[in-house]
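Asker: The lines below spell out each chain.
Number of protein chains: 2
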Amino acid sequence: MKISDVIEQFLKEMMEENDGVIEIRRNDLATQFHCVPSQINYVIATRFKNEHGYAVDSRRGGGGSVRIRRVQPSGGNIVMHLVNHMGDRVSYQEMHFFLQDLLSAGILSERECKLLIGGLSDRALGMENPHRDAVRARALKNALVHLIS
Amino acid sequence: MKISDVIEQFLKEMMEENDGVIEIRRNDLATQFHCVPSQINYVIATRFKNEHGYAVDSRRGGGGSVRIRRVQPSGGNIVMHLVNHMGDRVSYQEMHFFLQDLLSAGILSERECKLLIGGLSDRALGMENPHRDAVRARALKNALVHLIS
DNA sequence: ATTGATGAAAGTCAAAGAAAGTCAAAAACA
DNA sequence: TGTTTTTGACTTTCTTTGACTTTCATCAAT
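Respectively, the protein sequence lines represent chains A and B.
Going by numbering that gives the first Met the number 0, the first sequence runs without a break in its numbering and finishes at 148.
Going by numbering that gives the first Met the number 0, the second sequence runs without a break in its numbering and finishes at 148.
Honestly, the hints are just simulated from the structure, not real lab data.
None of the hints are false.
Because identical chains cannot be distinguished in the list, a pair is counted as satisfied if it fits within a single copy or across any two copies.
Below, computed lysine-lysine pairings styled on BS3-like, alpha-carbon distance capped at 27 Å:
no.: 1; residue 1: 113; residue 2: 140
no.: 2; residue 1: 113; residue 2: 48
no.: 3; residue 1: 48; residue 2: 11
no.: 4; residue 1: 140; residue 2: 11
no.: 5; residue 1: 1; residue 2: 113
It should be emphasised that the depicted structure is a prediction, and the values quoted were computed from it without experimental measurement.
With the sequences and hints as input, model every part of the structure.
Answerer: Take a look at the structure:
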């Protein structure tokens with residue numbers, strides 16, 4: 000049994016018992032499983048992607064930690080369907096279509112769409128393509144999964 | 000829970016109950032929370048910045064103290080006030096502080112904050128600093144301005 | 001009334017500490 | 001062989017600590 004699988008299993012069980020949210024200290028977990036800390040990053044990067052329905056955020060520095068949340072079963076399926084059909088580049092136009100869908104499905108409000116349209120416009124992101132559309136894709140997925148988890 | 004966060008919380012609650020003005024003795028506060036006095040300076044420097052709507056002034060010497068007060072942005076437009084004072088680089092942590100401001104001012108909902116926190120996290124943006132904080136600053140400003148226009 | 005000493009505040013700044021992140025080489029596996 | 005996993009050296013971010021500095025008030029001596 001691979002250590003990565005063991006850690007993945009452990010985290011997912013922990014999440015089951017915990018309403019879909021866990022908060023861990025990377026170094027503690029590494030100690031617990033006798034592996035290097037960056038192994039935890041590997042597990043998170045490969046097993047807890049947005050596309051799988053997980054939102055991750057973390058803080059560095061003293062008192063820092065990593066939090067992982069799972070999408071809520073209710074209402075999550077439409078969003079996850081979109082997230083999984085998004086690909087890893089999303090143009091501004093495409094984003095509009097996605098947001099239109101979510102708006103008419105009643106999942107996002109008009110204000111919420113506005114925030115994303117403003118924040119993830121070409122002007123806001125600033126960089127050139129293809130980088131820009133890649134950043135937008137990641138940002139949009141993260142935003143949506145974060146919202147419903 | 001970090002001691003800095005505890006102190007921040009304490010001061011903000013105190014300010015709530017006190018009409019937006021508090022006056023503290025740095026050394027007493029440090030004693031009360033079992034930390035060094037300069038920790039108080041750290042909390043004030045990171046959590047009570049001007050751009051978050053606080054004004055700090057202090058007197059040294061015998062009988063000295065620190066006064067912190069909430070400043071209402073004149074003209075009433077809190078969003079524009081924040082956007083104008085944001086600077087052209089915003090860290091993830093700073094964004095949290097800004098969003099907290101907007102949340103407690105009743106300008107953004109919790110969902111709207113979640114969208115931005117997820118969409119503009121380090122993970123979502125992907126690139127390295129200093130570029131990352133610059134993109135986040137632009138994106139956040141654009142999102143907020145777009146929202147109110 | 002001026003000066004000077006003393007002590008009581010707060011301020012500054014950089015080092016140390018505490019976390020997480022990155023990246024690519026090495027190893028294991030299919 | 002090509003992909004996935006493991007490892008570890010190095011980096012970044014944030015917090016805590018403490019030595020040193022500056023400012024102010026008071027009081028005693030001129």
